[in-house]
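What follows is each chain in one-letter form.
There are 2 protein chains.
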Amino acid sequence: MHRVKVRVVEDALDANNTIASANRADFDREGVTVLNLMSAPGAGKTTLLVKALPGLEGVRPGVLEGDVAGSLDADRLADVHIPVTQLNTDQGFGGECHLDANMVRSALPSLPLADLDLLVIENVGNLVCPAEFRVGEDARVMVSSVTEGEDKPLKYPLMFRACELVIINKIDLLEHVDFDLEKFLYHLEGVHPGVPHLLVSARTGEGLEAVRDYLVGLASRAGAPA
Amino acid sequence: MHRVKVRVVEDALDANNTIASANRADFDREGVTVLNLMSAPGAGKTTLLVKALPGLEGVRPGVLEGDVAGSLDADRLADVHIPVTQLNTDQGFGGECHLDANMVRSALPSLPLADLDLLVIENVGNLVCPAEFRVGEDARVMVSSVTEGEDKPLKYPLMFRACELVIINKIDLLEHVDFDLEKFLYHLEGVHPGVPHLLVSARTGEGLEAVRDYLVGLASRAGAPA
Numbered sequence: 000m001h002r003v004k005v006r007v008v009e010d011a012l013d014a015n016n017t018i019a020s021a022n023r024a025d026f027d028r029e030g031v032t033v034l035n036l037m038s039a040p041g042a043g044k045t046t047l048l049v050k051a052l053p054g055l056e057g058v059r060p061g062v063l064e065g066d067v068a069g070s071l072d073a074d075r076l077a078d079v080h081i082p083v084t085q086l087n088t089d090q091g092f093g094g095e096c097h098l099d100a101n102m103v104r105s106a107l108p109s110l111p112l113a114d115l116d117l118l119v120i121e122n123v124g125n126l127v128c129p130a131e132f133r134v135g136e137d138a139r140v141m142v143s144s145v146t147e148g149e150d151k152p153l154k155y156p157l158m159f160r161a162c163e164l165v166i167i168n169k170i171d172l173l174e175h176v177d178f179d180l181e182k183f184l185y186h187l188e189g190v191h192p193g194v195p196h197l198l199v200s201a202r203t204g205e206g207l208e209a210v211r212d213y214l215v216g217l218a219s220r221a222g223a224p225a
Numbered sequence: 000m001h002r003v004k005v006r007v008v009e010d011a012l013d014a015n016n017t018i019a020s021a022n023r024a025d026f027d028r029e030g031v032t033v034l035n036l037m038s039a040p041g042a043g044k045t046t047l048l049v050k051a052l053p054g055l056e057g058v059r060p061g062v063l064e065g066d067v068a069g070s071l072d073a074d075r076l077a078d079v080h081i082p083v084t085q086l087n088t089d090q091g092f093g094g095e096c097h098l099d100a101n102m103v104r105s106a107l108p109s110l111p112l113a114d115l116d117l118l119v120i121e122n123v124g125n126l127v128c129p130a131e132f133r134v135g136e137d138a139r140v141m142v143s144s145v146t147e148g149e150d151k152p153l154k155y156p157l158m159f160r161a162c163e164l165v166i167i168n169k170i171d172l173l174e175h176v177d178f179d180l181e182k183f184l185y186h187l188e189g190v191h192p193g194v195p196h197l198l199v200s201a202r203t204g205e206g207l208e209a210v211r212d213y214l215v216g217l218a219s220r221a222g223a224p225a
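First to last, the sequence lines map onto chains S and C.
With numbering that gives the first Met the number 0, the residue at position 21 of the first sequence is 20, and numbering never jumps.
With numbering that gives the first Met the number 0, the residue at position 207 of the second sequence is 206, and numbering never jumps.
Certain hints may be false.
No copy labels: a pair is met if it fits in one copy or bridges any two.
Unchecked claim - Below, computed lysine to aspartate or glutamate pairings styled on EDC-like, alpha-carbon distance capped at 20 angstroms:
no., residue 1, residue 2
1, Lys182, Asp74
2, Lys182, Asp150
3, Lys50, Asp212
4, Lys50, Glu208
5, Lys182, Asp171
6, Lys50, Asp177
7, Lys50, Glu205
8, Lys50, Asp116
9, Lys50, Asp150
10, Lys50, Asp74
11, Lys50, Asp78
12, Lys50, Asp171
Hints listed in this document are in silico derivations from the structure and should not be mistaken for laboratory results.
With the hints as constraints, model all of the structure from the sequences given.
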């Protein structure tokens, strides 16, 4: 059984990459840079976006919101006037644990691409599968909160390797949790040497300027109109 | 592509259930009650077990530790003299995001079942897929930490429905986070009416007695030797 399963997933990945390339070409054509934002459930992706996106200088952001069920996160982003499209994965089989390129493709007609410079795809909260599936993004960033523990890079190495930036969130809680930041960074360096990180509290606003700087830089990096 | 994928997963679930029944029969034969413990990454499953299992009256506990990679959690349990078997899911395809019945079956020969009354299977940290795959357990419990936010029952309804008890962990952080406990419980009741919950801080020890009482009751509930 196990062997069959792996084989099927590999086939699915081939198809996924083909569709991801098509998505990427469409995004490039519209001059939109795309960020795939990943984390465990409750790491604070949505709060980060709600706080950081409205203040982006010269960049028109939008969000594609991936959730198993519900539209809570999309509602929070709409409240701060960020264009947002909801993508639920619960059709069919009790909830997909990640976004794949085909799901993102199905949302393309609903996205106001002509009005955007930066599209953030907020993936389903999960530290395993989203790292496997490219969706047509220019960059992948993950959010890891200090409440999750300093061992996470060792336990979910592929996720920490798949991203170009790690945002360490909820640093306002550092004094209240048993989280050894030095040890976390040591483990992170072990699984993904040289990857940069930002220390952030989306709740208090600490470190948000650096996140905005990163996003503005990202938006100018690629996705120039053809 | 999507339709094919769903079909394959359904086939895999049929096979999984067959193997889960075989596991269950083996556990019953040995008089071992089995708990499938699930949560998001970093919710505190291992800390909970490290704190609760050594104090179980009249119950000999053991742990089957599921992780994508590494043996950090198994080491922590071994440190407090709990028999523990490590099961890594990273063979093959970059890390399975859940334990399935066949993985658990492969670990059976390594488990000292004759010396156990209660086996806790600590699943991979993930709020989606583990809820789909029975592994031969008598009961399923999930841990949800207050740092994850009160919206989680609405966003991962299947997981909150799949368990018979929800342990709300890290309540020592309640005063430092924006978590509305009333709202969480309202959402929980909405997706799984009547499911009981326990308020716990594995870190400070608050509420651990109730967890131990539950585990002792669980161990006497089933798994009587044939």
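Going through the numbered hints above, which ones does this structure break? Give me the numbers in ascending order.
none
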